[in-house]
Amino acid sequence: MERKEWPLWEVFIRSKGGLDHKHCGSVHAPDAKMALSSARDVYTRRMEGVSIWVVRADQIHASDPDAKPEMFDPAEDKIYRHPTFYTLPDEVNHM
Amino acid sequence: MTTTATAADAAHLDYVLRIADSALILGQRLAEWCGHGPVIEEDIALTNTALDLIGQARLLLTHAGHLEGKGRGEDALAFLRAEPEYRSLTICELPNEDFGRTCLRNCLFAAFQMQLWQALASSSDAQLAAIAGKSIKEARYHLQHASDWTVRLGDGTEESHGRMQRALDYLWPYTAEFFSPTATDQQAEAAGIGPAGSSLAAAWEESVVPVLEVATLKVPARTPFLSRGKEGRHSEHMGHLLAEMQYLQRAHPGGTW
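So the protein sequences, as listed, match chains A and B. If you count the first sequence from 1, position 4 lands on 3 in numbering that gives the first Met the number 0, and the numbers rise without skipping. If you count the second sequence from 1, position 213 lands on 212 in numbering that gives the first Met the number 0, and the numbers rise without skipping.
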């Protein structure tokens, strides 16, 4: 009998209201419903989350690791892109 | 008056033990899946369910120990009783067989627990009502998870459908015990402690039969067969289960870690 692997799903968990969903791992599942259920059972056993996203891993388009030099190195010497050079009034906190 | 009060207290204790022991014994059965699940995700899911049930059993057995008033705690009740003193439903002690039958039993049992916890939320026993409030959320998830698998496998391949139908034919007669009338049921209902099993039958069927239909499974006809685990008369499987479950406490009395 042919054995087919279930597709892989990437799991993203929001740890509490207001925070972003963060990638925390992956599960194998034949459909989204079961992927959510498995993600709940595997990744939220210790109160890690209040919300789960699952995304089929083959639906994620990733940048090419070999293209790192042209993709990311040019940003290296553009330090002025950080907003740290502006003088802010005291009333503006937490920038 | 004293005799009546004593009888009522005994029924109250018996009623709580039935709920506690059913959770304990099914928890023990499900724990057998640990490390043996068909995929790691489901291995963890079944173990989570087992831990939920054992958690419920701990709260209920602790409560039962207080009701009994003989100084027995959760461990003494869980590990040091003899087989006829366990009041668990027979369906809980039946062997897992395969993953499909395990999920189907979870579905049938969780649907029963849902009805029970719902009714117990208004119990005159405040502790029992509080445990019900916590446990119903767990049962809701167990039911969802088990129903999904019942449908997936029942309405799956020829092989999985056949296994699920055989599992249903095997398990169905044991569900009659959920609802069989006993003196304990009658007294618990009269005292407002909780529902008699018989009062939950219709709602249980309404929640379970549609799932079985979607799973393309044929619901067997009711037969006169009636198991009596909740009255302490267990199947041949119970002794083996208890031998394994009790071994550590029997071999090393009072052992902790």
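Among the clues, some could well be false.
Cut-off 25 Å, straight-line C-alpha distance, at most; resulting in silico cross-link-like pairs (SDA-like, lysine to any residue) [claimed, not checked]:
id: 1; chain 1: A; residue 1: Lys32; chain 2: B; residue 2: Arg100
id: 2; chain 1: B; residue 1: Lys133; chain 2: B; residue 2: Asp42
id: 3; chain 1: A; residue 1: Lys32; chain 2: B; residue 2: Asn47
id: 4; chain 1: A; residue 1: Lys32; chain 2: B; residue 2: Lys69
id: 5; chain 1: A; residue 1: Lys15; chain 2: B; residue 2: Glu96
id: 6; chain 1: B; residue 1: Lys136; chain 2: A; residue 2: Lys3
id: 7; chain 1: A; residue 1: Lys3; chain 2: B; residue 2: Gly132
id: 8; chain 1: B; residue 1: Lys69; chain 2: B; residue 2: His251
id: 9; chain 1: B; residue 1: Lys136; chain 2: A; residue 2: Ile59
id: 10; chain 1: A; residue 1: Lys15; chain 2: B; residue 2: Asp154
id: 11; chain 1: A; residue 1: Lys3; chain 2: B; residue 2: His35
id: 12; chain 1: B; residue 1: Lys136; chain 2: A; residue 2: Tyr42
id: 13; chain 1: A; residue 1: Lys32; chain 2: B; residue 2: Ala120
id: 14; chain 1: B; residue 1: Lys136; chain 2: A; residue 2: Asp72
id: 15; chain 1: A; residue 1: Lys32; chain 2: B; residue 2: Val210
id: 16; chain 1: A; residue 1: Lys15; chain 2: B; residue 2: Val210
Stretch by stretch, here's where chain A covers chain B in the computed footprint (C-beta under 8 Å, at least three residues) [said to hold, decoys possible]:
id: 17; stretch: 190 to 197
id: 18; stretch: 216 to 227
Worth flagging that the hints you see were computed from the coordinates, not collected in a lab. For each residue, glycine too, the CB sits at the ideal point set by N, CA and C.
Okay, the hints, checked on the actual structure:
1. A:Lys32 - B:Arg100: Holds, because 21 Å separates the two Cα atoms, which is no more than 25 Å.
2. B:Lys133 - B:Asp42: Given that 25 Å is the threshold and the Cα spacing comes to 24 Å, the pair holds.
3. A:Lys32 - B:Asn47: holds (18 Å)
4. A:Lys32 - B:Lys69: Violated - the C-alpha atoms of Lys69 (chain B) and Lys32 (chain A) are around 48 Å apart, more than 25 Å.
5. A:Lys15 - B:Glu96: Judged against 25 Å, a Cα distance of about 40 Å means the pair is violated.
6. B:Lys136 - A:Lys3: Violated, because 34 Å separates the two Cα atoms, which is more than 25 Å.
7. A:Lys3 - B:Gly132: violated (42 Å)
8. B:Lys69 - B:His251: holds (22 Å)
9. B:Lys136 - A:Ile59: violated (34 Å)
10. A:Lys15 - B:Asp154: With Cα atoms ~37 Å apart, Lys15 (chain A) and Asp154 (chain B) exceed 25 Å; violated.
11. A:Lys3 - B:His35: holds (20 Å)
12. B:Lys136 - A:Tyr42: At roughly 18 Å apart (the allowed maximum being 25 Å), Tyr42 (chain A) and Lys136 (chain B) satisfy the hint.
13. A:Lys32 - B:Ala120: violated (30 Å)
14. B:Lys136 - A:Asp72: Given that 25 Å is the threshold and the Cα spacing comes to 50 Å, the pair is violated.
15. A:Lys32 - B:Val210: holds (16 Å)
16. A:Lys15 - B:Val210: The hint is violated at about 34 Å.
17. 190 to 197: violated (count 0)
18. 216 to 227: violated (count 0)
The structure does not agree with the numbered hints 4, 5, 6, 7, 9, 10, 13, 14, 16, 17 and 18 stated previously, though it agrees with the rest.
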